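Full structure from sequences and hints, please.
Next come the chains, spelled out residue by residue.
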Amino acid sequence: MEMIRITNLTKKFGSFTALNGVDLTVNGGEVLGFIGPNGSGKTTTIRVLLGILKKTEGDVAVFGKDAWADAVEIHKRIAYVPGDVNLWPNLTGGEVIDLFLSLRGTIDTDKRDQLIEKFHLDPTKKCRTYSKGNRQKVGLIAALASDADLFILDEPTSGLDPLMERLFQEHVNELRAEGKCIFLSSHILSEVEKLCDRVAIIREGEIIESGSLADLRHLTRTHLLVKTKTPLTDLTFFDGVHEVHESENGLSFQVDSEKIDEIIRHISRFGIEKIESAPPKLEDLFMRHYEGKKEVPSGGETDD
Amino acid sequence: MTNQSFSNTGALATFIFRLDRLRMLWWLVGLTFFTLIVPAALANLYSSDQERQAVAETMTNPAMTAMVGPGDLDNYTVAAMTAHQMLLMTAVIAGLMGILLIMRHTRGDEEDGKLELIQALPTGRMAYLHAAVLVQLLLAVVLALVIGFGLAALNIDSVTVAGSLLYGALLGASAFFFAGVAAVFAQLSANTRSATGMSIAVLLGAYLFRAVTDVVNDDLSWLSPFGWVTKAEVYTSNQWHLLLIMIGAALLLFVAAYYLNAIRDLQRGFLPERTGKRTASRLLLHPLGLALRLQRTGLIAWAAGMAVLGVSYGSVLEDMETFFASNEMIQQMLAPEEDLTLAEQFLPTLFVVIAIVAVIPPVMAMNKLRSEERHERLEHLLGRAVSRHQLFGAYLTFALFNGALMMFLATLGLWAAGDASMDEGLSFTTIISSGMVFFPAAFVMIGLAAFLIGFAPKLLTGVWLYILYTFFVLYLGNLLDLHDWYGYITPFGHIPEAPAETITALPLITLSVIAAVLCALGFAGFRRRDID
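Heads up: the protein sequence lines correspond to chains A and B, in order.
Following our numbering, the numbering of the first sequence begins with 152 at its first residue and continues without gaps.
Following our numbering, the numbering of the second sequence begins with 627 at its first residue and continues without gaps.
For the record, the hints were derived by calculation from the structure and aren't laboratory data.
All of these numbers come straight from a predicted model, not from anything done at the bench.
Check before you lean on any hint, since a few could be wrong.
What the hints assert, rightly or not - Taking lysine-lysine pairs in the BS3-like style, the calculated list, with each CA pair at most 27 Å apart, reads:
no.	chain 1	residue 1	chain 2	residue 2
1	A	262	A	283
2	B	994	A	276
3	A	410	A	425
4	A	205	B	1084
5	B	903	A	283
Written out as structure tokens, the structure reads:
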């Protein structure tokens, strides 16, 4: 089932184009990783999805309804955690969680208390005294304790400690198993790799890559570390070989995934003593899109 | 080992000065402008002694004494007139400036975590506080000199150089003294909002205390710093030692603030931070409940303040009655109406002041919607099943309730104190209706705020300028002989002056319709625009 369908979405702030023809779909039971550098339009996309910003052009449908006109209907089935959780300094964490839950529907007190316990949050403290991580916990508990169908999480773990991060990841996997849909915007690529079925990369307001991780890996490079009996030569003449470094352990380099067969054939002629390979990482894919690109000032004022 | 507590104060003071230079400039220009135009205008309007003495007659009553303090009414020169009408009010505003400016860089920056960044740099532990105080001192001195020499430069006979310098110095000292009050509260409370609130409460308390004691027992006014301002008898006997008392008191306050700062931990205060409730009450679980809850403390404080204001004015009514009874000229001036006491005929003047003060909290309540937006807290609500309709409606409803409540409490206070002190008593319905008749004007101000939030949120400050304008025109309009036209372009100028005038429905209905249209437009705009 299609949970989110964004078609040709454009959003302008005055003369600045924050989003330019974004297309994106997310289905039920799917975890989408939404990645991109600061100011690339992640938060703007999320705010348009939530009907907080009005699109300039295009169509944005959530649960098949219009994100702007039917915002309230849609939000009854959405749980959202903003990237920067700004809370009311004079309310306690417990009060805010209850408020957030009640604005969606009824409060499941058991689930709420369990989560408060698990995330080690003191709900009697005023939000003024919470650290960034604790404010984020308030947002996460309120989201996870709800029975929403779609979870929109904007960099939800940026202030959490590794224990809490792992707890969060467990909960995301549980939600996926229940068939919920999760829209996860993140900088932490290892987390996206661990959690997400599909990835969309946004840069300067345009989606430049999207697909399942397996699909995208075709676009990435495999790391190889090779030691041969006779010195390995000619490697740099091949297309698709990058970043060749020599060390006492052998020769380390990266190979475009589609060239790997050709390269292995070549090096086997030199008598392989040792070969280690590391799988392609999302980080490499990400870096490939950004490295060498002209430095653009990240101008999105509403992003991050 | 050398004492490094004040290391790098100079660099920090320069930094704070840079941050605040425009803000300070506006305060300076505003205070100077309002101070200088008054004597210039008065000299023009009341050029003869007789004319001025006639004004003095209208001032010789307890209500005016409560409002502006005592003055040299026997020798009412242009200078004496200026000092009487303007000095106290300007001192209150200068005090407010001191509180707001120093709070930003004491508890404000500390609560935001900026002080932590600064203390991690090679700066002394006391350096930032000291720097903030030095900047305030500089501002106070500049204010004193600009106003002092500015007044002297007007070249009006009675406006002497010595008096002018004392006038300016008292304003500078008031700003510095209340900056000291705020610096102490910034140490006591770990929370910027309550520290600001308590400082302003002391400011208003000092004003109101003096209002009552100036009428009831003049000697007790010595206990209020504003008593020192009026007792300095600027332009008459120029009591410079009162300026020294004020500066001395300010220095004591700063010593206390430095001491408290030295013995406490960063981001802590001395007033206990209570832990709160584990779960939310039922009331909170609704946008309207949330709007109410977020503003609860402010609502209670303002409500108490308005009631005290009403009681203060009400308690001088009996003195006024006695005074009027012995003054034939006034009896003639106020056209006698059969069923009204003379004090009652003077009430509209008091009600205008009360009504303008009472419009501040509801406009703040409406503007809270914008401030929530700027703090990025609206997205929590709009990202859940709350419509913009509900959200806007909640804040508007609360603002209207707030406006009605504030005016009612002040009027009730005035009636209760007046009724208790006056021999003949006061009619409850007459007084309450005379006060509540101002509600449509408040409604227009709330409507204007709602309109701007919907259509031009960046221009929201415009409401405050409009309120300031209204206050200026209604407070000084008669004195400066402004054309009626100035009053007509503010909603408060259209309110019937009850109980002296009969209450007519037409202006009230017209104002309400205008206000309702503004609200509807604001609502439509809010529904259409991006949330920041």
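Hint by hint, here is what the structure shows:
{"no.": "1", "hint": "A:262 - A:283", "result": "23 Å, holds"}
{"no.": "2", "hint": "B:994 - A:276", "result": "23 Å, holds"}
{"no.": "3", "hint": "A:410 - A:425", "result": "20 Å, holds"}
{"no.": "4", "hint": "A:205 - B:1084", "result": "18 Å, holds"}
{"no.": "5", "hint": "B:903 - A:283", "result": "21 Å, holds"}
Going through the hint list in order, the structure satisfies each hint without exception.
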